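Protein chains: 2
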Amino acid sequence: MSQKLPKRSEDYSQWYIELVKRADLAQHSPTRGCMVIKPYGYAIWERMQQQLDGMFKATGHVNAYFPLLIPKSFLSREAEHVDGFAMECAVVTHHRLKRDPNGTGVIVDPEAKLEEEYVIRPTSETIIWDTYKDWIQSYRDLPLLINQWANVMRWEMKPRLFLRTAEFLWQEGHTAHATAEEAVEETLKMLEVYTQFSEEFLAIPVIQGIKPEHEKFPGAVDTYCIEAMMQDGKALQAGTSHFLGQNFAKAFDVTFLDAENKRDFVWATSWGVSTRLVGALIMAHSDDDGLVLPPSVAPYQVVIVPLANKPEEQEKVLPVAKNLENHLRQAGIRVKLDDDDSKRPGWKFAEWELKGVPVRIVLGSRDIENKTLEIARRDTREKESVAMEGSLTYIQNLLSSIQTGLLDKAKALRTANFHTVDSYEEMKNVLQGDKGGFVLAHWDGKRETAEKIKEELKATIRCIPRDMPEEEGKCILTGAPSKRRVIFAKAY
Amino acid sequence: MSQKLPKRSEDYSQWYIELVKRADLAQHSPTRGCMVIKPYGYAIWERMQQQLDGMFKATGHVNAYFPLLIPKSFLSREAEHVDGFAMECAVVTHHRLKRDPNGTGVIVDPEAKLEEEYVIRPTSETIIWDTYKDWIQSYRDLPLLINQWANVMRWEMKPRLFLRTAEFLWQEGHTAHATAEEAVEETLKMLEVYTQFSEEFLAIPVIQGIKPEHEKFPGAVDTYCIEAMMQDGKALQAGTSHFLGQNFAKAFDVTFLDAENKRDFVWATSWGVSTRLVGALIMAHSDDDGLVLPPSVAPYQVVIVPLANKPEEQEKVLPVAKNLENHLRQAGIRVKLDDDDSKRPGWKFAEWELKGVPVRIVLGSRDIENKTLEIARRDTREKESVAMEGSLTYIQNLLSSIQTGLLDKAKALRTANFHTVDSYEEMKNVLQGDKGGFVLAHWDGKRETAEKIKEELKATIRCIPRDMPEEEGKCILTGAPSKRRVIFAKAY
Chain A
1 MSQKLPKRSE
11 DYSQWYIELV
21 KRADLAQHSP
31 TRGCMVIKPY
41 GYAIWERMQQ
51 QLDGMFKATG
61 HVNAYFPLLI
71 PKSFLSREAE
81 HVDGFAMECA
91 VVTHHRLKRD
101 PNGTGVIVDP
111 EAKLEEEYVI
121 RPTSETIIWD
131 TYKDWIQSYR
141 DLPLLINQWA
151 NVMRWEMKPR
161 LFLRTAEFLW
171 QEGHTAHATA
181 EEAVEETLKM
191 LEVYTQFSEE
201 FLAIPVIQGI
211 KPEHEKFPGA
221 VDTYCIEAMM
231 QDGKALQAGT
241 SHFLGQNFAK
251 AFDVTFLDAE
261 NKRDFVWATS
271 WGVSTRLVGA
281 LIMAHSDDDG
291 LVLPPSVAPY
301 QVVIVPLANK
311 PEEQEKVLPV
321 AKNLENHLRQ
331 AGIRVKLDDD
341 DSKRPGWKFA
351 EWELKGVPVR
361 IVLGSRDIEN
371 KTLEIARRDT
381 REKESVAMEG
391 SLTYIQNLLS
401 SIQTGLLDKA
411 KALRTANFHT
421 VDSYEEMKNV
431 LQGDKGGFVL
441 AHWDGKRETA
451 EKIKEELKAT
461 IRCIPRDMPE
471 EEGKCILTGA
481 PSKRRVIFAK
491 AY
Chain B
1 MSQKLPKRSE
11 DYSQWYIELV
21 KRADLAQHSP
31 TRGCMVIKPY
41 GYAIWERMQQ
51 QLDGMFKATG
61 HVNAYFPLLI
71 PKSFLSREAE
81 HVDGFAMECA
91 VVTHHRLKRD
101 PNGTGVIVDP
111 EAKLEEEYVI
121 RPTSETIIWD
131 TYKDWIQSYR
141 DLPLLINQWA
151 NVMRWEMKPR
161 LFLRTAEFLW
171 QEGHTAHATA
181 EEAVEETLKM
191 LEVYTQFSEE
201 FLAIPVIQGI
211 KPEHEKFPGA
221 VDTYCIEAMM
231 QDGKALQAGT
241 SHFLGQNFAK
251 AFDVTFLDAE
261 NKRDFVWATS
271 WGVSTRLVGA
281 LIMAHSDDDG
291 LVLPPSVAPY
301 QVVIVPLANK
311 PEEQEKVLPV
321 AKNLENHLRQ
331 AGIRVKLDDD
341 DSKRPGWKFA
351 EWELKGVPVR
361 IVLGSRDIEN
371 KTLEIARRDT
381 REKESVAMEG
391 SLTYIQNLLS
401 SIQTGLLDKA
411 KALRTANFHT
421 VDSYEEMKNV
431 LQGDKGGFVL
441 AHWDGKRETA
451 EKIKEELKAT
461 IRCIPRDMPE
471 EEGKCILTGA
481 PSKRRVIFAK
491 AY
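Going down the list, the protein sequences come from chains A and B. The working numbering puts the first residue of the first sequence at 1, with every later residue one more than the last. The working numbering puts the first residue of the second sequence at 1, with every later residue one more than the last.
Everything labelled a hint here was simulated from the structure, so no lab data went into it. One or more hints might be untrue.
Chain copies aren't distinguished; within one or between two, either way the pair holds.
Derived lysine-lysine pairs resembling DSS-like cross-links, with alpha carbons at most 30 Å apart [stated by the list, open to error]:
1) Lys98 - Lys113
2) Lys428 - Lys113
3) Lys98 - Lys458
4) Lys348 - Lys458
All figures in this text were calculated on a predicted structure; none of them were measured in a lab.
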């Protein structure tokens, strides 16, 4: 803890790497491209899971579990899907190792070669729609509203902890519907669930939009997304929700009889968020001293640090600190009493700052005499001496004001770095400037144009925002006519 | 639902297979040896997870996540471990597919061969202990009390849904300690947690014991287990807790400095339960009409079936049924109102019986006039007409009496099929009889003896029970001296 983190303003990327490491969130593993999620990082993911799972259930979804391994031939059943996913996947070819006859280790047993290889799921549309074929006969079996919590793999040569790893944890919803309208409605409903989750729970404001044709999910008719801005002005796709049309139903021959006894292919959606969100959470709120966690998602919302070195002080302070801990816990607050007497208070302050605990309470013998607590908030670092009596309400209000404060701060950052531009020069200045940001500009709808901009400015079209009115204009690069603005940004 | 299940007394194995299928718990998948866990089956597993996770946290454990893929060479670092697990694992050899130049599908890209192959984790001791090396330097870093919820794979040629599948879901605890005593204490503590979970939550009584040398976990010093008896008298290992000594610390060079600044290898435990428990739950309690679920683990504890065909009846009955549903839900009861008017009551009765819902409430217009409810319990099929007023308490008591009743019934079954025997002839009669059961007999401690008995009677030593006093005797097969009795049984 002696060494400071790199400053965000000097090296944002290194700041992130060091923060993930020092705050004990995750680390690289001996398995190429894969991470170990350490207990503190996993506790954040667990909070997210719990909240999302509740929201999925409240919207009528149930969980199920499908196999990790997908028969190789399944991938090529949907024409676009195979190009998107077959090219970066882990392939299982054998089912046994054996002792190396010429050494001490083990080798792959050539006699245990599989007839058909499997891939580790990069996403589960194929195996799930193959299964849905058995589950769906008539309109009475619809809608089918299923979610899966799982690990997936996409081979990744340049991993970044949480943001891009070969294996990651996620949830994938896969729903089946009798009509296109209903499937589109589901797609948008889940986009809304993700938006609410991101803004209310993670305090990360997002923009809802639709991906341009060339950026959509392989196999989707439409890909909707939520895009968040990180503190360095870059975009991070925080969740996607796909309207899959009848593409997978056709690929896996999933039909149903409607109420008029006519047979049709089933309509589909899929939607997912992943451990990437832990990366987004870190980059949206944290500062040069460490994590800043919104109270909703923080593993500990409050840490109590007793100030008591001598035994007689400890005797006086510790029982009060324990009482306070119990009192807060009973009120439903996630609280940690740090009574480890091998560490000094100063060390603890820095450590819990690094770990992003929203509220710190310091309690010494003088506080006990005065019947006060010193309460500090992590986000603004404001400290206040508060009367013990009634402090629970104070703390509850503080937690909720930190939660809102973080969202407001993130919104302000986004507003400050959100630029409506009408010339390529201007766009260049924004995207190559220190702060980067989102650029709202006209685009002619052509893939080549988007690719040229990507090549020159390293920025991609993040989405066509949903709430933007149509507006006649000219493409920022080609000058060709355009009907609406889209968002360009560099992205994670 | 027209067709009856096979009777347990006629074909227990087919009864199990059909029940799993008809109660919508799970099905086989196109991926060899793997299952799809359907929503109703998964909901049971979720309840188990939630309960266990709470118990792990209450005993000081935290969750983390380690990679799915383990470098091949890791497996051979621990001498016994490799023999146990290298022989039945999924091997990843490539990281890309490509279009088949001679066809329409995809083939493994030979240029994407991995330098070192990976296996899909059959269990995670190796990769976890490789990671612990970085986490443990001094006694201050100990104990390390970590659990992981994950999927694992062990290649399986003869899968049985839940009981034995290539991929299964589980939790694996991996703890590190400064002393052997502390690690043994942890091993037994988790055995106790599993026992409590099994008996109090699943209503399955278990016997705690230790595995004989030749049945222990590859790499363990001692393997403790809990053994449950199924209704056909067979044993099912419901959980294991291993004292690993310093074996993995030595294999992965994990040492620590103790308080006296002396360096020593770290002491380890690991412990796990899996989706197998869903199989155990089914086989322990269910009957010829379907599942019988203990209220603690049942996705729905109560189902309300309104009796109302005509619109005027529905108008009268449905609001009361909905009220009752809300009332029960607010009291924390998991309740389902089955108001689907495309199905007849008789169909619903059979369906919810099949699904094992502990309590069924029937509510018709006459009940409304009389201010009563017809309440039936799934386990004993007793029905009673109960006054609406105060019915919540009645239902709460009923749920708790079903929970205890199931445990008592399972205990009685075990007592009736638990035989202390002193001759091989007697043992043969029990194990080859209709009911099977557990046989408590003397054994000379020799592997050959156990193997001979296994060959002849298809029974294995389930465990050396923990609570049995020492007792001089003679081996049931060889007559050689023995110091204590062990449990023999056929097993799943």
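Tested hints:
no.: 1; hint: Lys98 - Lys113; verdict: both (13 Å within a copy, 19 Å between copies)
no.: 2; hint: Lys428 - Lys113; verdict: neither (54 Å within a copy, 42 Å between copies)
no.: 3; hint: Lys98 - Lys458; verdict: between (48 Å within a copy, 28 Å between copies)
no.: 4; hint: Lys348 - Lys458; verdict: neither (42 Å within a copy, 60 Å between copies)
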